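Sequences and hints are given; from them, build the entire structure.
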Amino acid sequence: MTRRDFTLLVGFACLILVIPLVVRNEYFLHLFILAAMFANLAGYWNLLDGYLGLINFGYAAYVGIGAYTSALLAMHFSLPIPLCMVIGGLLAGIVGVLLIIPCLRMVTFSTAIVTLAFGEIARIGATAWTGLTKGEMGLWGIPPLFPSQNKLLYYYGCLGLLVLGALMLKCLLHSRLGLAVLSTREDETAANTSGIETNRIKLLISGISCFAAGVVGAFYAHYILTITPGLFSIGYTIQIMTMSMFGGKGTLSGPILGAFALIFLGEGFRFMQDYRMLVYGFLIIGTVMVFPTGLAGAIARVKQAMGIKRK
Amino acid sequence: MSSEAILSLREVSKSFGGLKALDTVSFDLDRGQITSLVGPNGSGKTTLFNCISGIYTPESGRIHFSGREVTSYSAARRCKMGIGRTFQVVRPFLKMTCFENILVGWCFGQEKYQKPAASDADGILEFVGLKDRKHHQAGELRLAERKRLEIARALATQPKLLLLDEVAAGLNPVEVQQVVTLLRQIHQQGITLLIVEHVMSLVMDISDRVIVLNEGKKLADDQPEYVSNNQKVIEVYLGPSELDPKDTA
Numbered sequence: 001m002t003r004r005d006f007t008l009l010v011g012f013a014c015l016i017l018v019i020p021l022v023v024r025n026e027y028f029l030h031l032f033i034l035a036a037m038f039a040n041l042a043g044y045w046n047l048l049d050g051y052l053g054l055i056n057f058g059y060a061a062y063v064g065i066g067a068y069t070s071a072l073l074a075m076h077f078s079l080p081i082p083l084c085m086v087i088g089g090l091l092a093g094i095v096g097v098l099l100i101i102p103c104l105r106m107v108t109f110s111t112a113i114v115t116l117a118f119g120e121i122a123r124i125g126a127t128a129w130t131g132l133t134k135g136e137m138g139l140w141g142i143p144p145l146f147p148s149q150n151k152l153l154y155y156y157g158c159l160g161l162l163v164l165g166a167l168m169l170k171c172l173l174h175s176r177l178g179l180a181v182l183s184t185r186e187d188e189t190a191a192n193t194s195g196i197e198t199n200r201i202k203l204l205i206s207g208i209s210c211f212a213a214g215v216v217g218a219f220y221a222h223y224i225l226t227i228t229p230g231l232f233s234i235g236y237t238i239q240i241m242t243m244s245m246f247g248g249k250g251t252l253s254g255p256i257l258g259a260f261a262l263i264f265l266g267e268g269f270r271f272m273q274d275y276r277m278l279v280y281g282f283l284i285i286g287t288v289m290v291f292p293t294g295l296a297g298a299i300a301r302v303k304q305a306m307g308i309k310r311k
Numbered sequence: 001m002s003s004e005a006i007l008s009l010r011e012v013s014k015s016f017g018g019l020k021a022l023d024t025v026s027f028d029l030d031r032g033q034i035t036s037l038v039g040p041n042g043s044g045k046t047t048l049f050n051c052i053s054g055i056y057t058p059e060s061g062r063i064h065f066s067g068r069e070v071t072s073y074s075a076a077r078r079c080k081m082g083i084g085r086t087f088q089v090v091r092p093f094l095k096m097t098c099f100e101n102i103l104v105g106w107c108f109g110q111e112k113y114q115k116p117a118a119s120d121a122d123g124i125l126e127f128v129g130l131k132d133r134k135h136h137q138a139g140e141l142r143l144a145e146r147k148r149l150e151i152a153r154a155l156a157t158q159p160k161l162l163l164l165d166e167v168a169a170g171l172n173p174v175e176v177q178q179v180v181t182l183l184r185q186i187h188q189q190g191i192t193l194l195i196v197e198h199v200m201s202l203v204m205d206i207s208d209r210v211i212v213l214n215e216g217k218k219l220a221d222d223q224p225e226y227v228s229n230n231q232k233v234i235e236v237y238l239g240p241s242e243l244d245p246k247d248t249a
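Those protein sequence lines, which keep their order, are chains A and B.
Residues 1 to 311 in our numbering are what the first sequence lists, from first letter to last.
Residues 1 to 249 in our numbering are what the second sequence lists, from first letter to last.
No wet-lab data here; the hints were simulated from the structure.
Hints are not guaranteed to be accurate.
A partial selection of chain A residues facing chain B, derived with a Cβ cut-off under 10 Å [what the hints assert, rightly or not]:
# : residue
1 : R176
2 : S183
3 : T189
4 : A191
5 : N192
6 : A300
Residues from chain A that face chain B, not an exhaustive set, calculated with beta carbons under 10 Å [to be verified]:
#  : residue
7  : E26
8  : H30
9  : L179
10 : R185
11 : E186
12 : S194
13 : G195
14 : T198
15 : L203
16 : L204
Given the structure is predicted, the values throughout are model-derived calculations rather than measurements.
For every residue, glycine included, the Cβ atom is placed at its ideal position computed from N, Cα and C.
This is how it looks when you write it as structure tokens:
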């Protein structure tokens with residue numbers, strides 16, 4: 001990172017921290033909180049898809065598992081909420097690992113089908129198990145994470161979670177484990193014969209990624225305070241996936257950029273009413289066609305072009 | 001199994017559907033030798049490599065390496081024990097730099113993890129002649145360079161036995177000569193080599209011993225000059241001789 005990049009980053013961080021103090025708009029804060037949660041999810045989806053090369057179409061199910069587990073624990077056992085969130089994440093992680101075990105014997109694309117099916121099963125399960133989840137009625141009256149329902153606290157809370165998540169990702173990918181993850185994506189057989197137990201790497205990374213999804217889901221539950229089985233739906237998985245690809249698959253900053261861009265664009269297009277999703281869709285297709293490496297790739301190219309000009 | 005043997009195969013068999021790719025193959029490799037594995041296409045050479053390096057598990061038979069039975073070990077575990085290999089169709093990590101490719105071998109392929117020092121990677125890159133390519137992505141390299149990179153990645157795992165699958169295929173004569181030099185240098189470091197090769201000049205040039213496979217069976221196993229005069233081997237390669245009385249009968 002150059003000195004200029006660092007100054008930019010610090011400036012950006014200050015801006016983000018100050019915004020909610022200046023813009024006292026609940027709706028804007030809500031959008032920001034959503035975007036930060038999606039950014040975290042897209043980042044950890046990207047760890048699986050972009051870095052490890054394992055597609056998980058049931059990703060929303062882990063968000064749901066984390067949310068329901070944490071909410072139920074907090075409601076019935078009144079455990080401290082941060083602890084509930086961690087347990088929710090752990091359960092999501094464990095389920096994620098268990099699901100990948102049978103997938104290890106399949107080709108990558110079969111994994112996509114298995115996880116897709118699991119996502120649906122989990123959603124139907126959450127709907128049908130009314131004794132526990134209250135079904136379509138949804139769970140309500142979930143204890144909030146912060147004592148006062150001040151959005152400002154949640155704003156900083158989700159921001160903290162996002163920074164923590166991004167830092168963990170960065171450390172992971174720059175470690176020895178990151179090297180194993182990349183080589184597993186590049187060529188599994190070659191990685192095996194270079195001493196990497198790729199199956200263990202897949203299980204470990206799936207566990208980490210699903211854990212993160214579960215924790216974010218739990219945060220959502222204790223923020224919104226009402227959750228329904230809709231949280232498990234494939235639509236969310238697609239949304240997370242789109243953000244990751246739109247922002248730049250296989251990059252650290254891409255999914256964060258993608259999540260913020262798509263959440264705020266989606267809202268910004270509301271004036272178009274019925275045509276909103278149409279324009280939104282074309283915009284995504286167009287961007288991916290022009291910049292296959294996503295927003296992050298586009299920025300890198302612009303930076304490179306500027307650098308050449310200056311020389 | 002003699003005490004000298006680094007690798008020992010006992011009646012190893014492997015089939016795909018009804019096809020017996022390997023049929024009770026047995027041999028011992030002596031430490032420090034260069035052995036070539038030759039045979040017509042489809043004779044089971046690559047299957048044998050996959051069984052030795054752990055990509056396939058043989059259906060029957062046993063494989064010992066350095067005095068331990070490794071038949072059921074994973075490829076990664078065998079790599080850590082000291083079996084390195086390259087592939088016929090090269091498989092470097094294309095979107096990673098040469099340096100990172102070697103780092104993978106260094107960080108995961110050694111028996112005990114050693115913190116990589118820049119000089120180690122540089123040394124290996126220089127050894128295979130890719131020093132000026134250190135920060136290039138493997139996808140940018142020519143075929144000859146990719147083959148060298150694969151050898152480098154295998155060397156970074158500090159192998160005791162190196163399996164080389166057609167390192168000279170697709171290279172021009174100058175490049176083949178460079179590979180021969182490189183193989184000799186690797187051999188001088190005390191690494192035992194098992195080579196699959198179609199370039200016969202290379203085989204005759206550097207091998208201490210040649211094993212011939214045909215239809216999954218061991219056909220001949222001797223010093224190169226004897227093997228090249230072996231009647232059965234000539235028949236397999238050139239077709240049965242018309243003067244052979246058995247055929248006309």
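* **Restraint satisfaction for A:A300 [CB to CB of chain B, less than 10 Å]** => 15 Å, violated
* Asked: Hey, does the A:S194 contact hint survive, CB to chain B under 10 Å?
  -> Because about 5 Å separates A:S194 from the closest Cβ in chain B, which is inside the 10 Å limit, the hint holds.
* To do: Against chain B, run the beta carbon of A:L204 and see if the smallest gap drops under 10 Å.
  => With Cβ-Cβ at 14 Å, over 10 Å, it is violated.
* **Restraint satisfaction for A:E186 [CB to CB of chain B, less than 10 Å]** => The hint holds - A:E186 has a Cβ within 10 Å of chain B, the shortest such distance being about 4 Å.
* Asked: Do the numbers back the hint for A:L179, that is, is its least Cβ distance to chain B under 10 Å?
  -> Cβ of A:L179 sits 6 Å from chain B, so the hint holds.
* Asked: Does A:N192 meet its interface restraint, that is, does its C-beta lie within less than 10 Å of any C-beta in chain B?
  -> 4 Å, holds
* Mind checking the CB of A:R176 against every CB in chain B and telling me if the closest is under 10 Å? => Given a least distance of 5 Å, the restraint on A:R176 holds.
* **Interface hint for A:E26, Cβ within 10 Å of any Cβ on chain B** => Not OK, violated: A:E26 not within 10 Å of chain B, min 44 Å.
* **chain B contact restraint on A:T198 - CB to CB distance below 10 Å** => 8 Å, holds
* To do: Against chain B, run the beta carbon of A:G195 and see if the smallest gap drops under 10 Å.
  => 4 Å, holds
* Can the hint on A:T189 be confirmed by a CB-to-CB distance to chain B that is less than 10 Å? -> OK, holds: A:T189 within 10 Å of chain B, min 6 Å.
* To do: Report holds or violated for the interface hint on A:R185, using the least CB-CB distance to chain B and a cut-off of 10 Å.
  => Since the shortest Cβ distance to chain B is 8 Å, the answer is holds.
The structure is inconsistent with the numbered hints 6, 7, 8, 15, 16, although it conforms to all the rest.
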